[in-house]
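If you follow the hints, you should be able to join the two separate chains into one complex; please do so.
Quick mapping for you: the protein sequence lines, in order, are chains A and B. Mapping the first sequence onto numbering that gives the first Met the number 0, position 505 (from 1) lands on 504, and the numbers just tick up by one. Mapping the second sequence onto numbering that gives the first Met the number 0, position 55 (from 1) lands on 54, and the numbers just tick up by one.
It is possible that part of the hints are untrue.
Computed list of lysine-lysine pairs in DSBU-like fashion (alpha-carbon distance at most 30 angstroms, straight line) [stated by the list, open to error]:
1) 58(B) to 792(A)
2) 58(B) to 8(B)
3) 519(A) to 497(A)
4) 20(A) to 68(B)
5) 792(A) to 68(B)
6) 462(A) to 155(A)
Sample of chain A residues at the chain B side, in silico, Cβ under 7 angstroms [claimed, not checked]:
7) 673
8) 674
9) 678
10) 681
11) 685
12) 692
13) 753
14) 755
15) 758
16) 762
17) 763
18) 784
Calculated from the structure, these hints are not laboratory results. Nothing here was measured: the structure is a model prediction, and the numbers come from that model. Where is the CB? At the ideal position from N, CA and C, for every residue including glycine.
Spelled out from the first residue to the last, the chains are:
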Amino acid sequence: MFYTFIFLPLISALFVPLLYKYFNRLVHTGWFVLVVPLTIFIYLLQYIPGVAAGDTYKYTLSWIPSLDMNIVFYVDGLSLLFGLLISGVGALVIVYSIYYMSKIREALHNFYIYLLMFMGAMLGLVFSDHLLVLYGFWELTSVSSFLLISYWYERKSSRQGALKAMLITVLGGFGLLAGFIMMIMMADTYSIREILANLDVIQNHALFIPAMLCVLLGAFTKSAQFPFSIWLPDAMEAPTPVSSYLHSATMVKAGIYLVARMTPIFGGSSVWFWLVAGVGLITLLYGSLTALRQTDLKAMLAYSTISQLGLIMCLLGVGSLAVYFGASDSGTVFGVAGFAALFHLFNHSTFKGSLFMVVGIIDHETGRRDIRYLGGLMQVMPITFTIALVGGLSMAGLPPFNGFLSKEMFFAAVNEVSQAGIFGLSKIGLLFPIIAWIASIFTFVYCMIFIFKTFGGTYRPEKLTRTVHEAPWGMLFSPIILGLLVIFIFFFPNVLGKYILTPALTSMLPMTEMSSYDLKISVWHGLNLELVMTIGVIVVGLLFFKSSKRWIQAMRNYPQGLTLNHWYNKGLSGTERFSTSLTNGYMTGSLRSYLIYTFAFFVIVLLSSLLLLYGIRFDFSNDAAISVFDVGLVLAMVIAAGTVLLAGNRIVAIVALGAVGYMVAMFFVIFRAPDLALTQMVVETVSTLLFLLCFYHLPKLTKQIERIPFKLTNLIISIAMGLTVTLLALSANGHKMFEPITSFFENAFELAGAKNIVNAILVDFRGFDTMLEISVLAVAGLGVYVLVHQRSKGREQHENE
Amino acid sequence: MKTNDVILKTVTRVAAVIILTFSIYLFSNGHHHPGGGFIGGLSMSSAIVLLYLSFGVDKVRENIRVDFKKLSALGVLIAIGTGMAGVIFGKPFLTQTFGHVDLPIFGDTELASALIFDTGVALAVIGTAVNIILSISEDR
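Next comes chain B alone, as it looks inside the complex (with noise of 0.2 angstroms):
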């Protein structure tokens, strides 16, 4: 994937910006409005493989440390250790809880267990979704 292709490149430096960040709206808003974990984790690692057609593997490798395989691996045991919380209070495996909390700038907040599970499904989808197109352009 190694191109000198200038418009793209532009493009992409503003474009990545804006999905990154649409994608973590999309995320964080999910409980209330159209997104989640899935759609969220699915466009970032979009956003990600659009980085990577247009700068090539190993610059973006060098800046975004992070594998990816560990990343999928991580938001599966996040997902499964939310599910492990209600155990341990007592309650069956997976009991999501939810609550409201009066903070000082968003003002009554809702903060949900079902956000962790969320954030543990969207790692598992960013890291699998890369994870395999990483694999899969790298095979010559």
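Just chain A, same shape as in the assembly (with noise of 0.2 angstroms):
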């Protein structure tokens, strides 16, 4: 039952082209597909109080049990959490796309298609209980996203920056295999959870520190943290709610659950905590720095998303302290940094999320999104500017806004931290809030530029492609829904922080304990360090915010070649043209090269495993006596392969080879394997008649005299192929290096209800090659069909030229 809502995604991704080709004349496609976030949501939303009280749910749905491969959901606090923000946020970015995408213009399938993908993979990601499992729906995510990006494919902004993401991304989700490999090696289990059981083994283990930087690094590249960032403002070219939904709310959250769900297996660890905090903090203040520069108001979103993430990720690292100090009053102090970062993981998503919203009204209305152009727009737009001003002003962490309660909280984290007195934290711990407070206030001066850029000042409709007016209600429902949450998560935040995140905190700190003392939420502690810092914010920033003309001119003329992009782009096209003259070097374009490669491969890979692992051990003790019709079958064989070397014309050489599998097929009579004679009397007639269709395209044959080196390495390379597949063949019969797997075909018709073993083991013992072979043949097939209807339309419009 529960995998069939977190599946659902997927399975109604399949019938979206339908529903997109019989009515979206009539409703627009988003209508249909809300269905699918709305019912998920609900569908979770029964487990919050089982989860609150702490329950588990686990879910098996086996896929290769024999391998231990099996789709394991398991549902917590920290899942559960994920599961409703991408339900939830789905189901209003989809209200809001069908306003936002037009439906006469736009190829919806497409999107729609993308966009439940997108979904059925971020679901899958945070239920999976197996690592392997998590891997594939982590990089469907960033297929999805690569997709998503791309989807006004005809841009070439787009294209780049779908190929920018797509590469920083798989580059990260690379590392996190290697991570997984290694928690699998170490722990040997695929099971997140039976990793949390044995720790021990992990911990003690020579491989756990390469194993946390692999993990890590794919954790930062998905969340975009410094210097992984750089896609992130460039994903922007998406449309809007895709924005809105992936690269905010939702996907490049995708690390910090990571993050968070292997918090208590690498998290206490001193490596762990200045990597995962140390980085944050520096993405915090990259972020915030660089969107100050920003013109475009999406860039400049992107950035702050950059930087909120890395906030996050900070208070994160300092929650992982609680690991440490185990259940003690100072475990007790930095758990509640990880209560923060939950806490602000899901305040961002509703400020951020309606912001974007903004940002694509904004867009759609005046076809401008440059702050440069914009202004006054508080008089035509005035319930957009209502929930700007409130996105806005939680994002700078004023009351009454749910950002206020979790920046207050990652100050007083902070002020912890510099305190804690472990890890070298007693020389430098004072630059955590130092650097916290002033990348707050460079947070806080981009949220009023933001804001009072785009509504505030004269109005200059002369600028404006079009003619402004307030955005249609629909396109208001999604962003007017998230600003309620926000202003009634500051006035009731522990109705979330009860239900919703403590449940998440437990799954993330499982050894901490914590009470609900704790874990209160209070508007006022009173007046102390935190709340002076945060007036500090409001003063310093509001000076900055004033003066901001003169400054920002400075910033945004900052070199082009210092930065990362510039990089990035060097890397790039220096990658381009190594890979592209490796490439060009051994691609000679000869068939008989290719040839070589593969053949020099295959001897290399065999014959090296044979002599590696003893391989090479002859028995020719169980040989059943060789009959007059055997040796006579191995002299026409020979005669015939003799032909094909000595033949004077193709035709004869074909001929003569087909030959020899005849013969192949003889033996197979002999040995009475009458299925196997079939297939390659088969095979073989099709194969010769393949032969003779592109014989049609080989040059003459012709008896002229190579040079000795070049009939040296055919001579070399057929002696060493033919030398490999004997010694092969031999010693695989005298081998008994793994269980004979006898009675699985003995016992063929009890098990698989089949009286020919052959087709028992092609459909029913081995079926997964079987289909995995038809699908390579099928594939082949078409790639067959291209290849060759490429060529000769290509060659036509060559000729019409």
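Right under this line is the structure:
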């Protein structure tokens, strides 16, 4: 039941093309799609009471049980928090997209298929307990993000942005895979839950640090942490609903999810703390500083997202200290930091989601996103302005909005960490509150710029391409809901805290004992350091904002050559040049070279593994007696093979080659394997036919005298190939390396209901092989078709010109 | 492949029927006797290729209106679909099952889900083999 709901997005994606084809003229396809996240959201809601009471649920779907590959879904506080975010924000984004994406002009079926694919992948990711399945969903989110960024693929910037996001996140994905494999090797299990159960094995293992670094690489690239953050601003080429959903509310939080999930495993070590908290802090500063000099509203929000993700990451790092301290007072203090991370993660999804939608509305109604052209929109779009004000002030960390609460908790956490006195924090721990404070000032300033440069000032309709009016209600609906949440959470934070965040924290920091008193979020803490810091942020921020004209221009003149993007571009073109020269070095276009590579690889790998594993062992004792027929057939085969070598024209060679094949079929007949004989016969016929067809394209066989090295290479390769195959065949018979599987064949009738063992093997025992084989076959067939037809098409075009 | 060979055409008319019948026999009997989806599909495609050889591509295409590319895709889909069927019933992917049914004419007959899987295999093989041969032969 549970997996039906998790796979619902993927299953329903199959029906989107049909709905688009038959109903789009009447109803926007989005209305159908909306049902999916709404159903999932409502379904997941019913887990809240149980999970809040401390229960967890586990659902197993057998996939390949013999390899221990199963889809295991595990519902605990952390995955439920993310599941609710994904489905809830997903529903709001789809409502918004119905009004944003034109039903006439856009290829809606593509859009919604990609979106559903992403939603399914993301749900699978957060609920998976199986590491490799988690990795599969992880990559699927990268792929669907790629497709969504390049949705307007006729634009060059979209394609480049998509490529950049893909390259960087997939690089991290490989890191993640390596990290997971190391974890699997260490713990000898695929399940996160079982790894958590025997932590000692992992924590004292030599691979502990490498695995941690690899996992962090994956998390940092996905969550756009410095210096991998450069893909996120370019990903803003996607339609705004996508930016709002993937690139602020959910996908970029996959890295956060991973770090939170791995905290009980890796947290408590100094490397983890310094990397997660340090990189988070740097990202926070970098993102807020770079956001200041953006003129494009979406780019500004992208950098602000980077900075906010850094903030959450930093809080997670601080929270991981709770693992180090365990169940003690300090443990509780840092546990609250982890709580703040989850709280801010939720808040960020609400206010940033609404801000992105506001930018989409502005873009949609005015045709501009550049603050240099905008201004004074307050008069024409009062509702949009109100939403922007709520979201923007929440991001700036002002009351009465939820951002204020989590920002205060963040300040409290960095103040605590400066006094922790472990991991060398006593010396440079003071940097944490200082950098956090400076970054908060920048955050405050760009929030002010976002709100007042767009909506304040004088209204200049002559600079805009369209006549501006308030957005339709359907477009305002989702940001209004999010905006109301922002205010609601400020006044009733503990509803969220008690039922959703506390269970999530329990799964992140299971070893720390937290009372509900510790996790109570209150608006008024009394006059303490955090409040003073916030007041300082407001005062200094306002001063900066007033004088912004003078120094922002200076920031925009920051040299291009020093940006991360510049280095990325250089690196990319360098890699491309290198790989072109490398590829051109061996892709000669001559079939002979390719055959040499193939055969050489075959010989080297097989011969060396035979030698290294002591595989060459002959055992002739069980062989059957050699009859006259065998001798005759072998002689005939030798003669036929010799004819192929000496033949003066190709037809003779092809026919002789066919003869060798038929002779093999005869062997099967002698050894009473009618299935194989039949198959061999037909395969031989069809392939001889293919040969004859290809014969048309081949040059005439001429008896020219080739150079000696050329012939020598051929000789060596053919002898090596023959030798390898012979050795392999002989030693395969003499070996008992693995447990025999004869019992399967003997009981074929009971197990598979088949009297024909060969067939039972093909369709039952090794059905997976067959399925993949025919898939390969079909793909190869399509490949041949495409290659041949592209070529003849190209030639026709050439002739027409 | 445009020839006007009377002998070949006459022989093909008879032979194609025999090969086609035999290939269906091979396919449907595969679970208990020599044969199966792969070999059945291959022999059927060899019959189709024989038709193409003797009557020419255009004429056969007029009479057998099948897109072989789509056929191979359909085959793979069927095979994967039978795999998924197991999942729906809560069994591992690609679990095959069989049962015995008393049919009016055939008597006690065994029905195996493997046969559906085998159909997918056969269709994929026919589609691919004919598709490749046609593509290469059309390339001038």
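Fill in: Closest C-beta approach of residue 681(A) to chain B relative to 7 angstroms, hint status
holds (4 angstroms)
Practice prompt. Verify the interface restraint on residue 755(A): the C-beta must sit less than 7 angstroms from at least one C-beta of chain B.
Written response: holds (5 angstroms)
Worksheet entry | Interface hint compliance - residue 784(A) to chain B, C-beta minimum distance less than 7 angstroms | Holds, about 5 angstroms.
Discussion item. Tell me if the straight-line CA distance from residue 462(A) to residue 155(A) falls inside 30 angstroms.
Written reply: The hint holds at about 26 angstroms.
Practice prompt. Hold the hint about residue 753(A) up to the distance rule: shortest CB distance to chain B must be less than 7 angstroms.
Written response: Hint holds; residue 753(A) Cβ to chain B Cβ min 5 angstroms, cut 7 angstroms.
Worksheet item: Was the hint right that residue 762(A) lines chain B, CB cutoff 7 angstroms?
Response: With Cβ-Cβ at 4 angstroms, under 7 angstroms, it holds.
Worksheet item: Is the shortest C-beta separation between residue 685(A) and chain B less than 7 angstroms?
Response: holds (6 angstroms)
Discussion item. Next pair to validate is residue 792(A) with residue 68(B); report whether the Cα-Cα distance is within 30 angstroms.
Written reply: The hint holds at about 18 angstroms.
Worksheet entry | Hint validity - residue 674(A) Cβ closer than 7 angstroms to any chain B Cβ | With Cβ-Cβ at 5 angstroms, under 7 angstroms, it holds.
Worksheet item: Hey, does the residue 758(A) contact hint survive, CB to chain B under 7 angstroms?
Response: holds (4 angstroms)
Worksheet entry | Restraint satisfaction for residue 678(A) [CB to CB of chain B, less than 7 angstroms] | holds (5 angstroms)
Discussion item. Quick check on the hint: residue 692(A) CB to chain B CB, less than 7 angstroms?
Written reply: holds (5 angstroms)
Every hint from the earlier list agrees with this structure, and none is contradicted.
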